[in-house]
Amino acid sequence: MPPLLALRGIGKRFGDLVALAGVDLEIGAGEVIGVLGENGAGKSTLMNIASGLLLPDDGDILVDGAKRRFEGPRDAAAAGIGMVHQHYLLVPTLTVTENVMLGDPRLSSWRTDLKRHGADIAALAARIGLPVDPAARIERIDIAGRQRVEIVKALHRGARILILDEPTAVLSERERADLYAVIRTLKREGVGVVLISHKLDDIYAVCDRVTVLRAGRVVDAAPLAERSREALVRAMIGEEIAVEIAKASTDGETVLAVRDLAVRRDNGTLAFTGASFELRAGEILALAGVEGNGQQELAEVLAGLRPAEAGTIAFNGKPLTGGVSPRRRRERGLRHVPHDRLHNAVLSRRSLADNFLLSHWFDRAFGRRGWIRRRPARAHAAAVARAFDLRGGGPGKPLGALSGGNQQKLVVGRELWGSPRVLIAAHPTRGLDVRTVAALQAKLVERRNAGLAILLISSDLGEIWQMADRVVVLAQGRMLGPVRPGETSLQQIGTWISGG
Amino acid sequence: MNWRFPLAAGRTALVAAAGAFAVSALFLLLAGQDPLRAAFVMIGGALGSLDAAYEVLTRTIPLAILGLGIAVAFRANVYNIGADGQFMLGAIAATVAIQATGDLGGLSLPWLLAAGAVGGALFGALAGWLRARFDASEIIVTIMLNYIALQFLAWLVRGPIQETVAILPRSNLIPEPAFMPDFSDGQTHAGIVIALVLAVIVFAVLRHSVFGYRLDAVGESRPAAEYGGISAGRVIVLAMAASGGLCGLAGAVEVAGVFHRLEENMAPGAGVTAIAVALLARLNPLAIPFTALLFGVLTVGAGALQRQMGVPFPLLWIIEAVVIFAFLLAGVRRTRPA
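As they're listed, the protein sequences go chains A and B. Per this note's numbering: the first sequence = residues -5 to 494. Per this note's numbering: the second sequence = residues 102 to 439.
Bound conformation, chain B alone (with noise of 0.2 Å):
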């Protein structure tokens, strides 16, 4: 995997957003559209005033902690979908561990984001473990996961811990303490703060641990890393449970810094977006918070779209699936013999 970002990934991800752009002008064309102004509707509306500007920022740290969690699964080749699904386990544990507890003043926010982490890293590692003892493959698992994650919650803001005034699906407000530091009015949140500081040390520990080297080999070759003593079922379900932590996190982050309880649809097909932002950096984590932006204002740039010209958002959906397109056929070709 290469690490000299900007440098030779840059020209990858440009010629992916490149082509992202020109299949996406294609299909506004056939939505009778003019490209042109859709594109000013999208930047103005990401960028055109600071309120636009903080939502951007506060969609940004979601995508760029689930990325961070993404690149860390795949750096293994164990292809983590199950974002979504780590992502709710992590908002659940993060929500019912504070509320199990009340307040605890100053520790509150940790107590918060370690649960979260925990419940996320615990439901990763359940994929990463099905995988390296069945030889289960994760896209099923993980994907499949999403769905028990889904329903559970459902079932949870409905049932047991509903609010007390039981009106809508959602759990009562967390204690403030536990709140995310603010900034701006409450526009956005420390969590970018967060997202920026585990962007350093995940590539760290990805760079320079033994962990992060086995993580590597195992990601290589599975029989040369068995062949250096390096046991991979066990590198598979420790990197899902990193993977999974760090998706747990940014469920964690959400309650805490967005939404103050827990909901239904707090990131809606964020886990998807994540995988684009994550490949579109070639993995490394020191670019992702950078690609997280991007498609941070490609979402609020699409939310404005759908606003002023009445394009169904969906076409964002059409966007990452190009880019993760354009990507593929891009790596492909760089790893063909010369």
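The following block holds chain A by itself, in its conformation from the complex (with noise of 0.2 Å):
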């Protein structure tokens, strides 16, 4: 029996760039395809491909044998292909019905039967074990509900073939297990899953096959059985990399402190109340819990983006009151990298120097008189993206012409350049490949070792506890903590997470 679907020799090319050469891929009924990567190895261009959004420059598709030539993705989903993208492809005003059957032909007529389609919608979510309500609007679903509603929506379509791109990236522990299970029972149901990923525990979890990509080359192929870490680590960046942290211990002054802090969201409910904690120079102090509990409020807080309800904040031994605007804290030496940065810290039009000036344009090397200097910003954007390895920049090229991996690495390295006090650092590392989270946490840890005090938002238990000085959590509207990591078990801050 041929396999569902076949990419040959796939190759693909934009100006000077090959971003693919002679790549095959197969997959067959009821498989987990895994495919691992670095950023820019050329993952999403090939799936771009078996999805109908690029078109190849050589090589074939084929699907059940036959050859087939998409120009677009409803090509690729009539011929039963569907795919998650990392950025969910949502109207957020719509109900999950309608972005269901958003352009679905069977919704041909003017009079829409929606009703009867989300029934069918309920009952397809609830075979495949993911709990969606179709009648919920897209904005009050959070992100891994957004997630489930995407992969619904592809198999509503009647994908036989499901690919998803960086699943696991915006989701937790628990979530990322729900997903686990959802790609068993597609696999015994005959889909065909593709699953994109930097991470290994991802693709242990739930691959059959995996098939490693390089600058655009298949590396390695083979059943997973097969491969040990070590071997995929080692295919995927092509040399050893010391994962080992390396820690000194300091005890430093406290250079923020913030007591009984309540801070409330965009839809006015309170995140959370009574917050209290200290910031020590020197010292990575993680902030765990599952996303959505207030970590990002309590970072624009802090950075001067939101208003506090309650409570104080101290930095430096001076408060921080609601009119210390957020570049009088800039220039006082506290620096954010917030967690929708894509969207929130970048001008995705504007060249590498614009984008560096954007958290340092007040700064005297910069500006003088009311001009600005965009020499010395252009020579210090050019070190940045060296020291951080940012690929495919170039002078007067746009920031958004990079991948979102290498805007996030500008971001960054911009932020802690110059002597910052403190840097709020919302999941620094999520999406990034494992080469580069190990160079970008060597760094941290480094800069630490310097002196900077770090507030580390993640949802990574794994990388908070091999980094963390100490973890508070947020969860069910509280503060927990802080603990030492050396002196509280895993299980114990898993608990307070799930609100156990």
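Among these hints, one or two may not hold up.
One-sided and incomplete, this derived list gives chain B residues near chain A with beta-carbon spacing under 8 Å [as the list claims (entries may be wrong)]:
{"no.": "1", "residue": "Trp212"}
{"no.": "2", "residue": "His309"}
{"no.": "3", "residue": "Ser310"}
{"no.": "4", "residue": "Val311"}
{"no.": "5", "residue": "Phe312"}
{"no.": "6", "residue": "Tyr314"}
{"no.": "7", "residue": "Ala318"}
{"no.": "8", "residue": "Glu321"}
{"no.": "9", "residue": "Ser322"}
{"no.": "10", "residue": "Pro324"}
{"no.": "11", "residue": "Ala325"}
{"no.": "12", "residue": "Glu327"}
{"no.": "13", "residue": "Gly329"}
{"no.": "14", "residue": "Gly330"}
{"no.": "15", "residue": "Ser332"}
Some chain A residues flagged as far from chain B (calculated, every beta-carbon gap over 12 Å) [unchecked claim]:
{"no.": "16", "residue": "Glu20"}
{"no.": "17", "residue": "Thr87"}
{"no.": "18", "residue": "Pro125"}
{"no.": "19", "residue": "Gly139"}
{"no.": "20", "residue": "Ala219"}
{"no.": "21", "residue": "Thr263"}
{"no.": "22", "residue": "Thr267"}
{"no.": "23", "residue": "Ser270"}
Just so you know, these hints were derived from the structure itself, not from any lab. Virtual Cβ for every residue (Gly too), placed ideally from N, Cα, C.
Please assemble the complex out of the two chains, which come individually in their own frames, going by the hints.
Given below as structure tokens:
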């Protein structure tokens, strides 16, 4: 029996850049294939070709053994290929049913029979173990829920092959386990699944076979049972990396003191109350918890982007009231890598240098008598690009032309430039590949050792355990801790996080 | 925003212009006219004689200065539709200021121009403040303020500052030292120099000043700007003040250069035409004098068309609308992901 989907000798170029060359990939019914690779290895390009978003320059796409040409996602969907993108493509103001049916050929007449479709959708979702309320509006659903809607949408269109692009990047541990269960159910139903991930844990949890891409080529393809983690990491990055982070122990003065803080969300509900903690120089304090428990709101209050409902914040001993503008905070050495950095922390149509300036435009080094000095900005931006191994940038090229991972590296590098006192870093390593994560973690620890106080917001317990000096948890409107990783068990933290 | 005029911007401009001419030809056909002959009449009417060419220049001046004002606001993602109102406030402030002080000798003209800029700036800043403080749509607010300016001007020239003989709705002449220096027996005036110098200044400020950086940052992403410590509200007020100031200056230049007094209908529809001027230049200040010249030609040509072929003047407005649409369509295609 021919495989459900076979990609043969796929090649794709963007200008001078060879994104893919001679890539083969086969997916059979009931098979789960992991696709591993660093940022920019070509994983997303390959999947965009498979799902009809891009046309390949070379090679063939075979569905059930027959050659096909996808002019657009509609052709791929008609051939039974569904894709869940890293950034979900849902209309926030519409309901689940409306989103699922949007553009569906079965919804062709003016008289839309949405209720019946909603029942179908609910039945489908229940069968594969995805709790979805068809009448709920997307804007009221959390990020894991939106991912479920995307999966249901693909399956409702009759997908026999489901491509998941970095599905676990935004999920908590528990949500990740739920997703694994769904993938196993799909496998039993005969759906072929392609799982793109940087995380070896994901690959080992559900995959049958693994294909490793590096610089647009397949460097390894084998049944998973025949490959060790070390072998896969080696194949992915082409060299050994040190994963161990050497931490020096420091005991610095308190730079940030938060007392009885209460904060409201955008919708007016209280995110948390009575949160207190101290952040010391030369310390990494991790803020753990399932996303949506007020981590983002806390970061925004500290950065001066959101008013506090109650409580006090002292920075270097001086009170940070709502009247201290974000700019003043930055000038005093408070830096911030926000949650949704690709929307809220970069100017995607502007150059690397102008994006570097976004955090430093008021600095005397870049502005004199009202005029911006772009030459030093370019030089410092280029230095950040070198230090953080930024790829794909060039003079005059807009930042938006770079991959998300590379934009993120610029944001982190830019925030670390100069002599910051406090860094609020929300998921600084999320979505990056293994090598970059290790390099970035090492840089953060290095800066901590040099006296920087870091508030690390993360939902990756592995990372927290590896990096943090102390841990606090936000769960169910309260702050728990702090505790030291050496003196508390991972299970204890896990229990706090899950509200136990 | 793209600074590389005319390489990248030129293509969109050409597509927009070609589309505009095609649709205009269609309307002419519908009106029972020969489009080819109309084109000859327009071009001949605008460029066929030295007199006509001077007329084109005179029409270009306010369009260029207003276009610069609109570009400043649009770059901050603030849609200032109030250029007409700010123009009128500028003209009013200029006239009242120079008549209040009387002849100041060599300082008369600078004083008049400064007063016009301040008048327009305050009127613009009002809309900016309403947007920044109450999130009131600047589009609605500036359109409403246009009507207020229009009625205020109509009342002034019929009441408090009407000419002494009180026959027409207009003010007395301003003192002669406040007249703009003119060329060729008054057929055109030094406002064209002001417009060109302003284009360079606005370019330099937008491209190379800290304010220009903050303005562009707010224009591209308000959350990102706020995150970077840029107060978007302040930038919006300042952008509207600068935008209104330029539009007010355009009004003062018309008073000093063309009318030498305050009148109604000094530049009817110029505020809307200037939007097309700014968009066609892709908001690049250095390109604006050229797109303003194009619309200067169209304005004078449309006048000739009306006189010689009886084609109604509103055809020009159709052309403008088509240019705006063509530009927006070209812009939409450009911003779609590849």
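To see whether the hints hold, each was checked on the structure:
1. Trp212: 25 Å, violated
2. His309: 6 Å, holds
3. Ser310: 5 Å, holds
4. Val311: 5 Å, holds
5. Phe312: 7 Å, holds
6. Tyr314: 5 Å, holds
7. Ala318: 6 Å, holds
8. Glu321: Where the cut-off is 8 Å and the nearest Cβ of chain A is about 5 Å from Glu321/B, the hint holds.
9. Ser322: 6 Å, holds
10. Pro324: 4 Å, holds
11. Ala325: With Cβ-Cβ at 6 Å, under 8 Å, it holds.
12. Glu327: 6 Å, holds
13. Gly329: 4 Å, holds
14. Gly330: Cβ of Gly330/B sits 3 Å from chain A, so the hint holds.
15. Ser332: Since chain A brings a Cβ to about 7 Å from Ser332/B, closer than 8 Å, the hint holds.
16. Glu20: Non-interface label on Glu20/A holds, nearest chain B Cβ at 28 Å vs cutoff 12 Å.
17. Thr87: With a cut-off of 12 Å, Thr87/A remains clear of chain B, as the shortest Cβ separation is near 19 Å.
18. Pro125: Fine: 32 Å to the nearest Cβ keeps Pro125/A off the interface.
19. Gly139: Gly139/A clear of chain B: closest Cβ-Cβ about 24 Å, beyond 12 Å.
20. Ala219: 39 Å, holds
21. Thr263: Label holds. Min Cβ-Cβ 21 Å, cutoff 12 Å.
22. Thr267: Given that every Cβ of chain B is farther than 12 Å from that of Thr267/A, nearest at about 25 Å, it holds.
23. Ser270: About 26 Å separates Ser270/A from the closest Cβ of chain B, which puts it past 12 Å; holds.
Checked against the numbered hints above, the structure violates only hint 1.
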